[in-house]
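Working from the sequences, and respecting the hints, build out all of it.
Note that the protein sequences, when read in sequence, are chains B and X. Numbering follows the working numbering, in which position 168 of the first sequence is assigned residue number 222; successive positions increment by one, without gaps. Numbering follows the working numbering, in which position 223 of the second sequence is assigned residue number 264; successive positions increment by one, without gaps.
Simulated from the structure, these hints should not be mistaken for lab results. We treat Cβ as the ideally placed atom computed from N, Cα and C, and that holds for glycine.
If you anchor each label on the Cβ, the simulated ranges turn out as follows: (1) V46/X to T169/B: 50 to 58 Å; (2) T171/X to I70/B: 57 to 65 Å; (3) I125/X to P102/B: 42 to 50 Å; (4) I70/B to D220/X: 31 to 39 Å; (5) I70/B to T68/X: 35 to 43 Å; (6) E231/B to P210/X: 17 to 25 Å; (7) M42/X to T169/B: 44 to 52 Å.
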Amino acid sequence: MNFLLSNLGQVWALTISHVWLSAIPIVVGFAVSLPIGWVANRYKVSRPVLLTIGGILYAIPSLPLFFAMPALIGTKILDPVNVVVALSIYAVALLVRTTADALASVPGDVVQSATAIGFSSWRRFWTVELPLAGPVLLAGLRVVSVSTVSLVSVGALLGVPNLGQLFTDGLNRSYPEEVAVGIILIMVVALVFDLVLVLLGRLLLPWSRLDSSTRRIRRSATMKAVTGA
Amino acid sequence: MTDFVAAFGWLFDPVNWAGPGGIPARTGEHIVYTLLTLLLAGAIALPIGFLIGHTGRLRGLAIGVSGALRALPTLGLVVYLALIMANISIVPPLIALTILAIPPLLAGAYSGLESVNRSTIDAARAVGMTEWQIFAKVELPLSLPLVIGGLRSGALQVIATWTVAAILPVGGLGRFLFDGLAVQNYPEMLGGSIIVVLLALVSDGLFALTQKLVVPRGVVAGKVGAEEAKEPTRAFGITVPGRQTL
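Below, the structure is given as structure tokens:
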């Protein structure tokens, strides 16, 4: 761990930048996918269309998408915005499916009851459907969070500063220890993000630990995110 | 837009289609690397996944290992293996990519087997099938769409990662991206990116088609009735959106 001790300041700066580059796409992805996922779940026609678009976007390899960003949004190739926008696209692509599945997992009886006691559809969404969809959404967010943290490192190939720079730099200097430090720190960042999400889930969705049927749906949502099936 | 015009200019320039560094040769390399990786990963992940799915044991362990592997940054693993093996051939990235392709394949295999209805398996056992027959004749055919789904996302990941692996002196389509970046030739980078994206989409489409084709005929026939039974619940004329897709 000599490398880490003698470069603490630089590694810390890269970690901070890595955290930002990962956190923004996750938050943006969540916010954007919510309305799209709602539309996907609400109308019979829109579901296959939106999920197919999401699937295609998610199929695009990351590095080529980073490289294509300047041509698509007119940035410079070194601009960190490329990485943030590209990763937000992935997050949306994955979360649209999760959001649609999560909303579909809300029991119809509950939705009917809410309608029956006079909830407007706006209020029903925010106070009934969204909270009940929470556990499944959380499962999707955790998948997105892990993959985003890991993909940010690929941005280092375009010269965007983050922990991935320890890989490119370590390769140039033939210094495996530097690369190992990068791998470990990225996994630590991913773990911390995951813990934060789990903790948020416990705080905001305290009922989710009790219900075994949501656990089953949540697991299948994770599976779908992983296998794309 | 001018960027794309330049990229297509690069793509259709005959100079870039000839020789060992040309587009067809690089695409061929990329496909061979990808198939080799999937073959290795499949040989490791599928038997283990089937065993877990069939016996229902060690599932927690498999989920844990898969999760941890997903957090592993691909680029880091590729570079690290290349450095500690002091080897600049395709072997270090091949090992790294095989490791990274295991989680989706494993997940597809065991979740596929788990998705098979328990009573179907019990029925197979009751009519006297051996465990092997249950696996080969009942579980495997019924789970194929999910197993292939695992291969599908594994293939996407492998195609993407071989592009990244071109940070090492290996072939494949990533060469265009890295070589273009080195000399600030944006049309080459973008042109190379377009080919990788096309390759990924073609692969995804082929796997999606295969997923549809491998559904056993009996299941397809049974599905029609099932779909009808799942018509959206209409009570008092209210359509409940939540029920449509359950």
